[in-house]
Amino acid sequence: MPIKAPPEVKNLAKSDTAFFVEAVRSELDQNLSLLLIKLYRRNPVQLPKSLSIDVRVEQLKAPRLNLQEFANPKPDELVRMAFREDFAGDRVYAFVAGLQSMVNHAFDHRREYLLLDDLPTPQFVYNSARNLETAAYLLRTQRNAAGQPYLFADGIQDEILNASYSQLMGEMIGLQDALATALAKKDQRTLNAVARGAASFVFLPVGF
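Convert by adding 246 to the 1-based position in the sequence shown; the result is the number in my numbering.
No lab work stands behind these hints, which were simulated from the structure alone.
Keep in mind the model is a prediction, meaning the values are calculated, not measured.
Hints are supplied without guarantee of correctness; some may be wrong.
To be verified - DSSO-like, lysine-lysine: derived pairs with alpha carbons at most 27 Å apart:
(1) K295 <-> K320
(2) K307 <-> K284
(3) K260 <-> K307
(4) K320 <-> K307
(5) K284 <-> K295
(6) K320 <-> K284
(7) K320 <-> K431
(8) K260 <-> K432
(9) K307 <-> K295
Stated by the list, open to error - Across the chosen pairs, the derived CB separations fall in these ranges:
(10) D433 <-> S298: 18 to 24 Å
(11) D433 <-> E315: 37 to 43 Å
(12) A424 <-> D364: 18 to 24 Å
(13) D332 <-> K295: 20 to 26 Å
Heads up, the beta-carbon is just placed ideally off N, CA and C, and yes, glycines get one too.
Kindly produce the complete structure, drawing on both the sequences and the hints.
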């Protein structure tokens with residue numbers, strides 16, 4: 247059985263930047279889990295009867311997402327699947343698992359970084375933030391043939407405007423932008439800021 251180093255020893259082998267990367271990664275994972283829970287509560291019909299929200303959250307946290315139920319699409323295809331008229335599966339999980347998969351790719355499928363490890367590519371982290379903007383736009387705007395949202399999110403509930411979904415996604419976008427900027431400065435790189443309109447439907451590459 248391999249001997250694991252105590253946390254305090256492992257921490258000595260981390261740079262300040264690595265700590266920052268791990269903190270952002272952890273916050274993103276937590277926020278994506280929260281987004282999943284909130285969307286299921288707003289769209290309970292999407293949760294398969296054989297599963298619970300807790301099970302879906304655990305599936306989302308897996309080191310490698312099991313996407314066999316969707317025929318293993320690419321992350322961007324999975325997000326778009328949630329807004330297809332002919333899709334009969336779990337739109338909530340398709341949407342959030344697609345976002346989680348993009349984040350996983352942007353962070354090289356890692357949650358821990360030691361001193362000599364390569365850190366995430368700044369451009370991929372930046373692109374992941376832009377992809378979240380695209381996903382947030384799709385969530386706000388896409389409707390079925392009957393004019394109803396594929397997924398209910400922000401809106402008026404009990405005569406009160408609920409914008410918590412946009413706020414949560416905005417927080418994740420800000421986290422990745424801050425990290426991308428820090429990583430680019432550390433490596434003396436320039437981020438390629440892609441010109442995008444407010445209604446962009448394009449997902450940028452994040453390593454997939």
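Hints, verified against the model:
A hinted pair counts as satisfied when its Cα atoms are at most 27 Å apart, and K295 with K320 qualifies at roughly 26 Å. For the proposed pair K307 and K284, the alpha carbon gap of about 16 Å is at most 27 Å, so the pair holds. For the suggested pair K260 and K307, the alpha carbons sit about 23 Å apart, so the restraint of at most 27 Å is met. Under the criterion of a C-alpha separation no larger than 27 Å, the hint pairing K320 with K307 is consistent with the structure, at around 18 Å.
Distance hint between K284 and K295 is fulfilled; the C-alpha atoms sit about 17 Å from each other, no more than 27 Å. Simply put, K320 and K284 have alpha-carbon atoms about 24 Å apart, close enough for the 27 Å limit, and the pair holds. Taking the CA atoms of K320 and K431, the gap is near 30 Å; set against the 27 Å cutoff, the hint is violated. Taking the CA atoms of K260 and K432, the gap is near 15 Å; set against the 27 Å cutoff, the hint holds.
Simply put, K307 and K295 have alpha-carbon atoms about 21 Å apart, close enough for the 27 Å limit, and the pair holds. Between D433 and S298, the C-beta spacing of about 43 Å breaks the proposed range 18 to 24 Å. Restraint check, D433 to E315: a C-beta distance of roughly 38 Å satisfies the suggested window 37 to 43 Å. As the Cβ distance of A424 to D364 is approximately 20 Å, the hint placing it in 18 to 24 Å holds.
Taking the beta carbon of each, D332 and K295 are about 21 Å apart, inside 20 to 26 Å as hinted.
In this structure, the hints that do not hold are numbers 7, 10, in rising order.
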